[in-house]
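Enquirer: Listed below are the residues making up each chain.
There are 2 protein chains.
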Amino acid sequence: MSKNLTSRAEDYSKWYNELVVKADLAENSAVRGCMVIKPYGYAIWEKMQAELDKMFKETGHQNAYFPLFVPKSLFEAEEKNAEGFAKECAVVTHYRLQNDPDNPGKLRVDPEAKLEEELVVRPTSEAIIWSTYKNWIQSYRDLPILINQWANVVRWEMRTRLFLRTAEFLWQEGHTAHATKAEAIAEAEQMNNVYAEFAESFMAIPVIQGVKTESERFAGAVETYCIEALMQDGKALQAGTSHFLGQNFAKAFDVKFTNNEGKLDYVWATSWGVSTRLMGALIMTHSDDNGLVLPPNLAPIQVVIVPIYKNDEQLETISEVANTIKNELKALGVSCKFDNRTTHRPGAKFAQHELQGVPLRIAIGPKDLENKTVELARRDTLTKEIVDLNKVATIAKGLMTEIQESLFKKALDFRNTHITEVNNFEEFKKVLETKTGFISAHWDGTSETEQKIKELTKATIRCIPLNGEKETGSCVFTGNPSSGRVLFAKAY
Amino acid sequence: MSKNLTSRAEDYSKWYNELVVKADLAENSAVRGCMVIKPYGYAIWEKMQAELDKMFKETGHQNAYFPLFVPKSLFEAEEKNAEGFAKECAVVTHYRLQNDPDNPGKLRVDPEAKLEEELVVRPTSEAIIWSTYKNWIQSYRDLPILINQWANVVRWEMRTRLFLRTAEFLWQEGHTAHATKAEAIAEAEQMNNVYAEFAESFMAIPVIQGVKTESERFAGAVETYCIEALMQDGKALQAGTSHFLGQNFAKAFDVKFTNNEGKLDYVWATSWGVSTRLMGALIMTHSDDNGLVLPPNLAPIQVVIVPIYKNDEQLETISEVANTIKNELKALGVSCKFDNRTTHRPGAKFAQHELQGVPLRIAIGPKDLENKTVELARRDTLTKEIVDLNKVATIAKGLMTEIQESLFKKALDFRNTHITEVNNFEEFKKVLETKTGFISAHWDGTSETEQKIKELTKATIRCIPLNGEKETGSCVFTGNPSSGRVLFAKAY
Ligand SMILES: [Zn+2]
Ligand SMILES: [Zn+2]
Chain A
21 MSKNLTSRAE DYSKWYNELV VKADLAENSA VRGCMVIKPY GYAIWEKMQA
71 ELDKMFKETG HQNAYFPLFV PKSLFEAEEK NAEGFAKECA VVTHYRLQND
121 PDNPGKLRVD PEAKLEEELV VRPTSEAIIW STYKNWIQSY RDLPILINQW
171 ANVVRWEMRT RLFLRTAEFL WQEGHTAHAT KAEAIAEAEQ MNNVYAEFAE
221 SFMAIPVIQG VKTESERFAG AVETYCIEAL MQDGKALQAG TSHFLGQNFA
271 KAFDVKFTNN EGKLDYVWAT SWGVSTRLMG ALIMTHSDDN GLVLPPNLAP
321 IQVVIVPIYK NDEQLETISE VANTIKNELK ALGVSCKFDN RTTHRPGAKF
371 AQHELQGVPL RIAIGPKDLE NKTVELARRD TLTKEIVDLN KVATIAKGLM
421 TEIQESLFKK ALDFRNTHIT EVNNFEEFKK VLETKTGFIS AHWDGTSETE
471 QKIKELTKAT IRCIPLNGEK ETGSCVFTGN PSSGRVLFAK AY
Chain B
21 MSKNLTSRAE DYSKWYNELV VKADLAENSA VRGCMVIKPY GYAIWEKMQA
71 ELDKMFKETG HQNAYFPLFV PKSLFEAEEK NAEGFAKECA VVTHYRLQND
121 PDNPGKLRVD PEAKLEEELV VRPTSEAIIW STYKNWIQSY RDLPILINQW
171 ANVVRWEMRT RLFLRTAEFL WQEGHTAHAT KAEAIAEAEQ MNNVYAEFAE
221 SFMAIPVIQG VKTESERFAG AVETYCIEAL MQDGKALQAG TSHFLGQNFA
271 KAFDVKFTNN EGKLDYVWAT SWGVSTRLMG ALIMTHSDDN GLVLPPNLAP
321 IQVVIVPIYK NDEQLETISE VANTIKNELK ALGVSCKFDN RTTHRPGAKF
371 AQHELQGVPL RIAIGPKDLE NKTVELARRD TLTKEIVDLN KVATIAKGLM
421 TEIQESLFKK ALDFRNTHIT EVNNFEEFKK VLETKTGFIS AHWDGTSETE
471 QKIKELTKAT IRCIPLNGEK ETGSCVFTGN PSSGRVLFAK AY
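From first to last, the protein sequence lines are chains A and B. If you count the first sequence from 1, position 129 lands on 149 in this note's numbering, and the numbers rise without skipping. If you count the second sequence from 1, position 301 lands on 321 in this note's numbering, and the numbers rise without skipping.
A couple of the hints might just be wrong.
Covered stretches of chain A, as calculated for chain B (at least 3 residues, CB under 8 Å) [as the list claims (entries may be wrong)]:
#1 95 to 107
#2 142 to 153
#3 225 to 239
Everything labelled a hint here was simulated from the structure, so no lab data went into it. We treat Cβ as the ideally placed atom computed from N, Cα and C, and that holds for glycine.
Put together the whole structure using the sequences plus the hints.
Expert: Right, here's the structure in full:
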């Protein structure tokens, strides 16, 4: 496996695209904008799914499954939501192909198999789910409904990039129904906290929690909570969103309930989701010019053992030692692969595991056998050390925690040094172009100003931070009064 | 929760439909032929997925994900496969909706957003996957490829039934590529064995392993292996299939490799799948007129504890005992729910858990507290017994194994007494109408005879059993020579 990876400094975007393919994470498919997620990439996604699923269940949610298709009449019911997604949705119009009389051996759409009502391939499932909840909810006793769905969705994006923006992607979407506004808001906030906790503890990505401005809000939401991360090129990435939907969908689908005072009211809603886009965030936050760097908590293989040998006898002895270490690691809850392929030389194996981001490599050669030692190599720091054979499992176990924390700390330092407070528009533009990162600036609260800044600089308001101090000031663009600083950035 | 379940004797089909809905497993959606899988039903499917996924990984497979859409030109490449699915596929023709100028507030398909090439929503993924494998395979060193995908698929069935036949369903599809014919056949057989093992050990459903006749084979397969189960109404249900695809897809997509002798050859293929249809098999095999009966190995809740009390003080004391039992069960690996809802009376709870098939119910009342006993009720036999409080967890743990085995044995006895050897067509028709079940009969091996028997009786050849003794004889219909008995049945 030859690397030849473009460096980040040379071309960050090219580096990313190459890395995703060379590390065997995903590739483009024969279908415009749709990706193939390869086994190694999917194994990382599976680990993410498992952890998130556990966190959803611990917060009282259950999984269910709703149809892939949304009939057009349901799709258009919530006006803003429909408006937001109509321009980029795949539409099923027919249910049969037939032999093409003009092209023997080819098929064509059967004109007689036209659907009476077109079906939209779900870009998100509020419409189909709220048309279902209508039948499930009569009284406050039927509430709350706390459901999550793992599914594929389709948004016909024109410019796509592996994991970051694809026409089809995998995600989870939570859809909850509540008797009170306060409970729904608390749910939306809780799930944004869950996302932040997951991003920081498992992905080792520091995130800023905030709410979106009106123009960046989910189509149909009253409030969109989000977690925002910063990539190594100084661009922001929205890693997860949680929406308080108010009564918008309940009104669109006429979902009323009898409250505990016997009065009819519309149901309150939330929805929240993260997607395979997280893979893009994971890759861009930690990886380097040698390839992928994975936090141990999400690495499909945490430790790899590579034997270095000249003959079969040596391989046999090394194998015994390797299997002992592997078993010791397993007992300590650390996953380990003994890479005993005879088709590849150690150098090629080193390069592959480095490219694929295995957190820790153990190399064992004949000299190690004599000295009862092994060589440890950390992927994150690229440092090596010789350690005692009988201590290697314990040391490796400890390093899993250390690497996880070190990656988070490194990302946090980078993020923190790339939040810059600016107080005038000249500085704003300069920081954006030179230092990059988040810009903390006063804003007058209007969509007009937001739009103008975007047109002039390509920077958008990533969020109004939830934990920001409420310092008043003057808008960095108009000079009009501002009730607090918001975070601007160029974004993925 | 009121039952009012139609009895099986009255109308088996109606009983099934009602049970699926009343036990909160699934329901029909606003989209023709598509179902909503409700949380309780989905929890059972999740348990199935977890066990199957483990078995796939233990046999060396990895998960991956391929696009939902198949461009028409790829779809039509393998002629037989295309022919088999063309008549029932959902076709995406447009990628945008726009405001309907004639109907304010409504949307219509944007005629200018017509796709150059139509996209078929995958009814199965051989085409998209083999067009991808083409780029992954050059040499025998790239083989085997052992990949599985968990996904949704769409087949535009005209007559649908919850779980058994739906326009969209969830499934897993394995797609493997091999250097030799023998290896591919061994893989197809191995996965059929995995399905049989899963059906018998987890679903408690005895299955017959066999191969399909040409007319019942998967479109594009050289050989289709299958597991066939028998439902309580004497109809057969195909529970899983594993296909040896020969070089059909490699030829259709031009996937060649250099073998270890340096020669170019087409790659050998298999595919294999089970779907949410298994839910239908599970429900129909074990359930009774009181509702669902679940084997403990797949029950989302294995034991439920229901408190019987007259006042808060009693509930408090019972709660302490219940939580102790729950913790003891947890330590023994048995899942338990303490149903302490104050909104429902014990009778309503009993009825609900019976309807939903919880394998074991523990009831605790004031008298039990005095006597240090509890009441155990088995869902499968509907028998009750009083047991010592301090032994209940151990007894419950033992009952999980006993109920699992008992359900399998009951289903096996039923199945075995419903395989009837017949030697003439009058008997064939009589057994089919009166006793029902599998009919073991000689067949002359021609599709014509198979077709005629189907037209006359609605019975099809479910499989040519793999472990059948090779007894020669005369075809039950034509009298022509037969090389062995095959199994006929009416089928789902
Ligand atoms: Zn910098
Ligand atoms: Zn009978």
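Enquirer: Are any of the numbered hints broken by this structure? If so, which, sorted upward?
Expert: 3
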